[in-house]
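If you're matching them up, the sequences are chains A and B in order.
With full-length UniProt numbering, the residue at position 12 of the first sequence is 12, and numbering never jumps.
With full-length UniProt numbering, the residue at position 74 of the second sequence is 74, and numbering never jumps.
Just so you know, the hints here were simulated from the structure itself, not pulled from any lab data.
In this text, a Cβ means the ideal position worked out from N, Cα and C, and glycines have one as well.
Each hint should be verified, as a subset may be incorrect.
[What the hints assert, rightly or not] Simulated crosslink set (DSBU-like; lysine-lysine; CA at most 35 Å straight-line):
#1 A:K450 <-> A:K360
#2 A:K367 <-> A:K422
#3 B:K139 <-> A:K360
#4 A:K341 <-> B:K39
#5 B:K39 <-> A:K82
#6 A:K450 <-> B:K139
#7 B:K39 <-> A:K27
#8 B:K98 <-> A:K440
#9 A:K362 <-> B:K148
#10 A:K574 <-> A:K553
#11 B:K159 <-> A:K422
#12 B:K39 <-> A:K475
#13 A:K444 <-> B:K39
[What the hints assert, rightly or not] With the C-beta cut set under 7 Å, the calculated list includes, among others, these residues of chain A facing chain B:
#14 K367
#15 D368
#16 R371
#17 K444
#18 D477
#19 Y480
#20 F483
#21 N546
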Amino acid sequence: MDSDLDSMVRSIVPDKTVVSITGVAAKLGEDSREYIPGILSITEKSIGVFIEWRPSEDPDASWVMTTDDGNSEMVDRSPVEKRNCGARVAFSMDVNDLSSFRIEEPKRGASGFPSIRLICRDGSSQVPLFFRDSTTGEFIDRLQGYITLRRSHRDATLVVVVDQKSEALAKSVSMLDENGDILSRFMQNPYMTAMTGFSKITSFVQDQVIPSVLNDTDAVTQEEKIRLMRELRLAEEHMRVHSDAAGEFEVVTQLDLPPRPEIYRELPVSKELWHSFKLSNGSYDPLKLHHLKMNVFRGGLNAELRKEAWKLLLGYRQWHETDSEFEKRRTELAKQYHNMKSQWMAITEDQEKRFSKFVKRKSLVEKDVARTDRTVPFFQGEDNVNLVHLHNVLMTYVMYNFDLGYVQGMSDFASPLLFVMKDEVDTFWCFVGLMEMTHKNFEKDQAFIKLQMNQLRDLVMIVNPKLANYLESEKSDDMYFCFRWVLVWFKREFSFLDTCKLWEVLWSGQPCPRFLLLICVAILDSQTNIIIDNQFGLTEILKHINDLSLHLKVDEILTAAEAIFHQLSASQDKLPAHICQYLNIGESAVSSSSSSPSKTDSQREDL
Amino acid sequence: MSGTRKKALLKVIILGDSGVGKTSLMNQYVNRRFSNQYKATIGADFLTRDVNIDDRTVTLQIWDTAGQERFQSLGVAFYRGADCCVLAFDVTNAASFKSLDSWRDEFLIQASPRDPDHFPFVLLGNKVDLESQRAVSSKRAQSWCQTKGNIPYYEVSAKEALNVEAAFLAIARDALARESQETNDFPEFPDQIRLNPNQQNQQNSGCNC
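Start from the sequences and build out the full structure, keeping to the hints where you can.
Following this line, the structure appears as structure tokens:
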């Protein structure tokens, strides 16, 4: 009854549109090039103030699409399609749910429009909005009538909604308490605590105390200010005394990594380049192998080359094998494949009644094949024969490795292989090779996943201690939010073709083992300000990371990861031994390629 | 403007075998959309939807999880603090019904709620649009629910948007009722929810005057 009354009141008080900006186009999706024309508005309703975007009702409003050369052209879609797409992207959000937004201006001299991407308190983000006919000024000015905004002092493109001032103060005080705990832990374990603690205090002083003391003058009473300052000074003195006593101040303050070198990606390896590494009998020059792999690492492969090159990168074909040797072995492997395939195909329905382990695996495979990459044209449509091939490959793998069987995520690994190989036998043996690299991810105890999460945490600690500390303070240092990245090697984070590129880069084995983890570090590093400035907690961090899916640019991330590798490699003598071990750098390094001793040197040179 | 009003947050975890439709149920409820192309869930994710219950706005935070057992242990941190656990099975798949016991046990172990005997579970039998392929009768599901302390059972179809809205609304109501019971400092009034209608009546009469 009360809600009836409530809705009555609501209907009496009309909504008031405070500002309505036309010509604001929403990008259909991050990997899309289509922009839907629409209207961005701020509306006061009886239940709150809402930021809303809806598609333009003008049926002739032009949908544009950017082309490779930066120009735009009209999109050819039916009115129904347009309506559906528009409805999918439209949103309405309470301003109180806004946590921050990223505002990007086109680079000077370049064409393009300013854009805003709204980030919500739960960690999710809206699609980017492009202001085609106006600047973002009016929208932001109006927004400031309801919430206080502050530009992040670490990242000029990020604008943060400033929380209720009292909340900020409460947080500062509670962080002081937490840091008190760090000081007592420091006594027991100076080295580790210092790694986690010092930068925590430094960033805490910079980010929390100073702004709250200096800026929020109206919210903080004089008394509170004095108390905060005193506590802060005490904490600092306390810290200095203990660090002196430990006598390890220099060692522990900071591990200063050298600046990140500028890295450029190269063009994908062409057919001509690839073949220049090949000897006349079809095998590859062992002395140049490392060089070839470095080329793959730096640019990936031309799509037309994948069918040939992936077999080698995945160990289906040996580098030293001649064409005739491989063909001979391939015939043998084809026979083996068909043998294993006929084994599961021969199992009758009646047998299945008493073979529950098999049935369980089979039903998992069937369910997953039906929902693997179905939006990729290669797998689209009912009765697509490629689904049958994918099913056969995975079922035959169940017979090949019945102990492991089928585990979710495997179909994600198999589908690009089928897409490239277009042949069941080749796909299967490539898949076997890929599983050699990844099967531990799927083991029942999940120990290898946990190990990688720990290694990732250690790496973040070295590369970005501030983020590591923040994650720890939000109880997110189990790094679970990176689980999907690590389990299926970013398959869910990139488009199908970008995944192909990323994988072949990883298969090159260059420049170090566990490069996958450095990619994780690079992405997390790029999200540091968003995570910290929005004060994301455990669930928001997970949501934010999940929502990065298809919003990442593969070349940028590979470049950043490589730069981080160089940073670490250059400071190998200062790194903890276990980090050097993960990355196979420094004294503990063993040359990964087995042949000539001169390889180690050339490897160094290449890096 | 009631900008600072505190919304109640209810955390709901959906568990069940792979392919029973956990992601579809969540998406149907939150986005009112169905697709048979949702990828198998890896890790965990959630969606939120605000609902009005009586005079309160409640945010339902619905957690979707991976259906394969071995991936459960890693995400336990997210189970903690759950207000309700939704167990889902596929009415056309008897095996998914048989797994319910282990999903329930697993949840109680991992989330370790304070009062496991009275923790609110809800059972959803999905895919009732495929009536001709039904393998688990409604009666069988209901009797399972009785043995688990009378947990509510809803037959739903994420594809046809059948009963999904009603089921989640009931889930929100139950969880909310339980929450207000929990924060009740006077446990001698066991049926806290009954108090609400009275309060409302008072408010109403006040307004009518």
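**OP:** Give me the numbers of the hints this structure contradicts, sorted from smallest to largest.
**Re:** Checked against the structure, the hints that fail are numbers 6 and 18, while the rest are satisfied.
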